[in-house]
Amino acid sequence: MQHPLSLYNTLTRQKAPFEPLNAPFVGVYLCGPTVYNEAHVGNARGPVVFDVLTRYLRFLGYTVRYVRNITDVGHLEGDADEGEDKIGKIARARKVEPMEVAEGYTNLYQSHVEALGCLPPDITPRASGHIIEQIQMIEEIIRNGFAYEVNGSVYFDVPAYNAAGRGYGKLSNRVVEELLAGSRDNLAGQEEKRSPLDFALWKRADERHIMRWPSPWSDGFPGWHLECSAMSRKYLGDEFDIHGGGLDLMFPHHECEIAQSQACNHPTNEARVWMHNNMITVNGQKMSKSVGNFITISQLFEGTNTTLAQAYSPMTARFFLLQAHYRSTVDITDEGLQAARKGYRKLMNGLRLLDKLNEASLSSEVIKARTVQPMTEGQAPDTTKGDAELRKLVADCFAGLNDDLNTAKAIASLFNLLRKLNGFFANLTTLATVSAAALQEATEAYRTLVTDILGLVDEPRAKAEDLLRLTLEFYQEAKVTKAYDKVDQIRAALKEQGIVVKDTKAGIDWAYSED
RNA sequence: GGUGACGUGACCGAGUGGCUAGGUAGAGGUCUGCAAAACCUCCUACAGCGGUUCGAAUCCGCUCGUCACCUCCA
1 MQHPLSLYNT LTRQKAPFEP LNAPFVGVYL CGPTVYNEAH VGNARGPVVF
51 DVLTRYLRFL GYTVRYVRNI TDVGHLEGDA DEGEDKIGKI ARARKVEPME
101 VAEGYTNLYQ SHVEALGCLP PDITPRASGH IIEQIQMIEE IIRNGFAYEV
151 NGSVYFDVPA YNAAGRGYGK LSNRVVEELL AGSRDNLAGQ EEKRSPLDFA
201 LWKRADERHI MRWPSPWSDG FPGWHLECSA MSRKYLGDEF DIHGGGLDLM
251 FPHHECEIAQ SQACNHPTNE ARVWMHNNMI TVNGQKMSKS VGNFITISQL
301 FEGTNTTLAQ AYSPMTARFF LLQAHYRSTV DITDEGLQAA RKGYRKLMNG
351 LRLLDKLNEA SLSSEVIKAR TVQPMTEGQA PDTTKGDAEL RKLVADCFAG
401 LNDDLNTAKA IASLFNLLRK LNGFFANLTT LATVSAAALQ EATEAYRTLV
451 TDILGLVDEP RAKAEDLLRL TLEFYQEAKV TKAYDKVDQI RAALKEQGIV
501 VKDTKAGIDW AYSED
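Residue 1 is where the first sequence starts when you use the UniProt record's numbering, and the numbers rise one by one after that.
Mixed in with the good hints there might be a few duds.
Said to hold, decoys possible - The calculated PhoX-like cross-link candidates involving lysine-lysine, where the alpha carbons are at most 20 Å apart (straight line), are:
id, residue 1, residue 2
1, Lys15, Lys170
2, Lys502, Lys486
3, Lys420, Lys385
4, Lys356, Lys346
5, Lys342, Lys289
6, Lys420, Lys392
7, Lys89, Lys289
8, Lys479, Lys502
9, Lys346, Lys409
10, Lys495, Lys463
11, Lys482, Lys505
12, Lys495, Lys479
13, Lys368, Lys392
14, Lys409, Lys420
15, Lys346, Lys420
As the list claims (entries may be wrong) - Restraint ranges, calculated between C-beta atoms of paired labels, are given here:
id, residue 1, residue 2, range
16, Arg143, Ala309, 51 to 61 Å
17, Thr329, Pro214, 35 to 45 Å
18, Asp396, Glu177, 41 to 51 Å
Hints are computed from structural coordinates only; laboratory data are not their basis.
Cβ atoms here follow ideal geometry from the backbone N, Cα and C, with glycine treated the same way.
Starting from the given sequences, assemble the full structure and let the hints guide the process.
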């Protein structure tokens, strides 16, 4: 399976050709959302980027297993907090089951990313559904000497692990000594830890804590980073191909994940390739829950956030995100979104030309024009030049994707291809400059790139009922003028759409055909 | 303080040591009953100052500015 897809690996800080561990299988894990509140636009970037990645990997012929987890347990309010889970806290406030809170936000999240055109992952594991796996992992880590128990809680022993030469900090370029020097060791509730760098694998739950499970150490709950190590291992193996997430997860989350996985005596980096998407900014500042400058996905779709002047459709948002490279920050503004909306629609309009172009390309006029091309001396009267140009335009699109999934570059090239196709359409006889086969290839590539790989689908703007009403107005007009051939024509056309026109005393109405 | 990233034209946003990014907006034109779409042409760039080089927006240094991670965050 030879292809030139290169990906930037955070571990090595460089791009390298992507080579699966066990081709044609590819394992991909993306850190999903924490479901204790509604996701914002920033949370959508990873799913969209990884949706394109997995779509493209499949296009390249790989058999992909794409895992995107739901973290519904294990995230504390903060270090100082004696362990009340965020979900548990909300559940207590609303007087509902924690699982209701998690389920509600999970469903909302999934409907949002689906609207954004993201295909469902192959597996969507929940942290709460993998407590046993996490406990087993902790036992393994303890057995290997990289964790210790204190008062029913278990902590990962970062200094011990690092002393064993495992390289804590290798992903994020941290040096343990520097981390220690810069750490804030004045936080309350940290007394149990031997080192400020240690992190919880298991926390004993206090009486108030609702979400709790039995374990060999205490009734409690798993630590913040463990779920991803345990679940990726369960479904993708000790080592797999690609692990992704937001740049802000690199440290400490992903660093801890690698440490946990390695501490289970698997001397790998958990994943071969670590990919990190950059942040979405608002006025140049990272969109984040804690800063409060976030726009939720619902607000974007409905236009209910004051930062933005209006609503933007899911496909506009998807296009907007893909018009930037995933490792760049992208600033969200009305102007940017409006430009994206127009660009997106331009791409959709192109989609509608493809069949017409191929049809025209096979028309007798064009075929004739091809054969009677004036023959210049020494030049074959063929379409070689035009075909090569067309193929170059297509190749540029794929070159963009191959270059670390540079969708910005790919889309730019796609517009170049579209300009060519639009040019053909403006003057159909120019189709004679390319062969029917090359045109077919190009139009297929366009469709594949836009819909299958970038996942941009046509978002109908017109409402069917409004269009129907319009048609019935013409119908009525035809009746008044007794243009019965027109009347019959409209009736027949609507019948084909499963609509019957009803002339009632009260006026013209319609109904679904019951045939 | 430590680590890292960035500063591109009206806006968004790619990129490479010498060859058009692209989208949106703006100007002119073709087309057109009007309009739209489309096509053609044009327009405003690479923060500043030095250095390397035949040549740098692209490499190096400094300055200024912005941001991110080091605490939950995609």
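Consistency of the hints with the structure:
1. Lys15 <-> Lys170: Distance of about 17 Å is within 20 Å: holds.
2. Lys502 <-> Lys486: 16 Å, holds
3. Lys420 <-> Lys385: Roughly 14 Å between the alpha carbons, so the hint for Lys420 and Lys385 holds.
4. Lys356 <-> Lys346: 17 Å, holds
5. Lys342 <-> Lys289: Between Lys342 and Lys289 the Cα gap is close to 30 Å, so the pair fails against 20 Å, i.e. violated.
6. Lys420 <-> Lys392: 12 Å, holds
7. Lys89 <-> Lys289: Status holds; Cα separation ~17 Å.
8. Lys479 <-> Lys502: Since the Cα atoms of Lys479 and Lys502 sit roughly 13 Å apart, the hinted pair holds (cutoff 20 Å).
9. Lys346 <-> Lys409: 17 Å, holds
10. Lys495 <-> Lys463: Roughly 18 Å separates the two Cα atoms, so the pair holds.
11. Lys482 <-> Lys505: 17 Å, holds
12. Lys495 <-> Lys479: The hint holds at about 17 Å.
13. Lys368 <-> Lys392: Not OK: Lys368 and Lys392 at ~26 Å, beyond 20 Å, violated.
14. Lys409 <-> Lys420: 17 Å, holds
15. Lys346 <-> Lys420: 13 Å, holds
16. Arg143 <-> Ala309: 51 to 61 Å: 58 Å, holds
17. Thr329 <-> Pro214: 35 to 45 Å: 44 Å, holds
18. Asp396 <-> Glu177: 41 to 51 Å: 47 Å, holds
Hints 5 and 13 from the list above are not met by this structure, while the remaining hints are.
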